[in-house]
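In the order they appear, the protein sequences are chains A and B.
Heads up, the first sequence is in numbering that gives the first Met the number 0, so the first residue is 0 and it goes up one at a time.
Heads up, the second sequence is in numbering that gives the first Met the number 0, so the first residue is 0 and it goes up one at a time.
Hints were generated in silico from the structure; no laboratory data involved.
No residue lacks a Cβ here, since even glycine has one placed at the ideal position from N, Cα and C.
You can take every hint at face value.
Covered stretches of chain B (chain A as the covering partner; in silico rule of three or more C-beta atoms under 8 Å from a C-beta of chain A):
1. 68–75
2. 96–107
Cβ-Cβ distance ranges computed for the label pairs, FRET-style:
3. Leu16/A - Leu12/B: 39 to 47 Å
4. Leu5/A - Lys69/B: 25 to 33 Å
5. Ala192/A - Pro54/B: 42 to 50 Å
6. Phe28/A - Gly215/B: 54 to 62 Å
7. Thr192/B - Val111/A: 54 to 62 Å
8. Ser73/B - Leu211/A: 15 to 23 Å
9. Glu175/B - Leu161/A: 41 to 49 Å
10. Asp75/A - Ala159/B: 16 to 24 Å
11. Ile135/A - Asp174/B: 52 to 60 Å
Examples of chain B residues lying across from chain A (beta carbon under 8 Å, computed):
12. Ala50
13. Leu52
14. Ala85
15. Gly86
16. Leu91
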Amino acid sequence: MFRDALLVAKKDLRIELRSRVLLGQVLPFAVACLLLFALALGPDRDFLRRAAPGVLWITMLFAAVLAAQRSAGVEDDDGARDRLILSGLDPAGIFLGKALAVTLQLLALALVLTAGTIVLFGATPSSWWPLAVAEILASLGLGFTSVLYGSLAEGTKLRETLLPLLSLPTVAPILIAGTKVYAASLSGAGVPAAWLGLLAVFTLAYGAVGVLLSGALQET
Amino acid sequence: MGPVVDLHHAVVLAGRYPVLAGLDLQVQSGEILLLEGENGSGKTSLLRLLAGLLPLSDGSGSVLGFDLSKDRASLHRCVGLIGHGAGLYDQLSVAENVTFQVRAAHGDSARVASALERVGLSAKADLPAWKLSAGQRRRCSLAITIARAPELWLMDEPEAGLDEAGRRILISLLDELASLSIPVLLSSHDLATLRPHVHRSVKLAGGITISTQPGGRPWLKAEGATDVS
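Let the hints inform the model, and build the full structure from the sequences given.
Okay, here's the thing in C-alpha cells:
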C-alpha cells in the first residue's frame, strides 16, 4: 500500500510541478483572498491582528477546494481514471498517494499564507511550534478530505459545485481548531493541546475512513 | 482449462437502461474474438464489464476465473483495456506514462523501451504526452498494454486514429498474441481489415449476441510462451 502511495504521490507532484497550477492559479487566488480580507477589514492594526487567524484558515480551506478539484481533475482526461483503476494499484495506496500530494502542496501554501498574514495583518506568533504542528496536521486532514470527497463527487458531472458543498461543512473542525491554535500562538497563552488534539483526531479519522472506503469508492 | 470469459445472461445497467440485456458469451484461452455491431449495440459496455469497470446487475460471469459479482478488484491487474481514451497524463512524457503503468503493475521497467520501439514511438519517448497526435496516443496506449503483458487483452476500436503503419503494427500484434495463445477481445467497425486475423466474430445488437461466425484465422489452439514484449 505504501509503495503504491509513493508511486501515485510522485506522479501527481511531477504533474503539478510541470503544470504549475498551484504556483500559477491556487497561490495567486489565495494571496488575493488575503489581500481582499485585509482591504475589507480596514486599517485598524489591532483588529486585523485579531482577525488574522480566521482569515488564514478560511483562505486555506478555499485553496484546499481548488487543490482537491485539481487532484481529481488530473484523472478526468482521456480515460486516465480507468487506466489508474486497471493499473492494479491498491485503492488505499491511490487514496494515500493522492492525499500526500495534496498535503505537500497545501503545506507549501500554508507557509506562504502564514508569511502573508504576518506582513498584511501584523500577526506574528510569539510561539511558532504549535502553529507549525497545526498547519502540518491541518494540511494532512485537508489532503484526506479533499481526496475522499473528490472520489465521492466523481462521475456525478457536478464535481465543480458538489465538491465544495460536500467538503467545506465537514472541515469546520479544522477551521475552528486552526484558528484557536493561531490565536493562542499570537497571545502567547501556552500550548493549546486540546485544539491540537482535535486536529490530530480529525486527521486520523478522515485518513482511516478514506483508506477503508477507497476500495468501495473505486468500484462504484 | 475452462473458458477465460464465461458470461451467462449478463445484464449491465446504465441508470435504469440495460446496456447489456442478458448476454451469453464464452471465450476460450488463446482465442481472438471480434465484436461487431452498430453504435450502441453494447460492445464498449461488454469490454468494460470484462475489465471489471462496470458492475454486473444480473446474471453471472467470470473472467480469468474471477467472479464478476464478487471480485472485480482482483481482475483489474490481469486485464489490459485499450479504450476510447488513451489514459495518458499530458504533463508526463511518453516514457514516464508507460513506466508509471508498468511500475504500478509491479512489472519490469526494462520492458518500456522495447514496448515503445514495438509501436514506433522510441523517438518520441521524451515528449510530453500532450504533444502526441491522436494516433500516437493510441500507439502509446498499445505500448502500455504491451509492457504490462496482461493475461487478457480488451481492445475497443483499436484501429481508430491509427495510420497505415499503425494498423500494420496492430495486425502484427494480433498475430503475435494469437501465436502466444493470449486471448483477445476487440471491437471494431473495420471488419474487412480485422476479420481475417480473428478466430471468431460475434455480432451484438441491443445488448445481446445475435450471431456468431468463424473468422479468417483457423482455431488451432497453440501452446507457447506468454510474453509479447
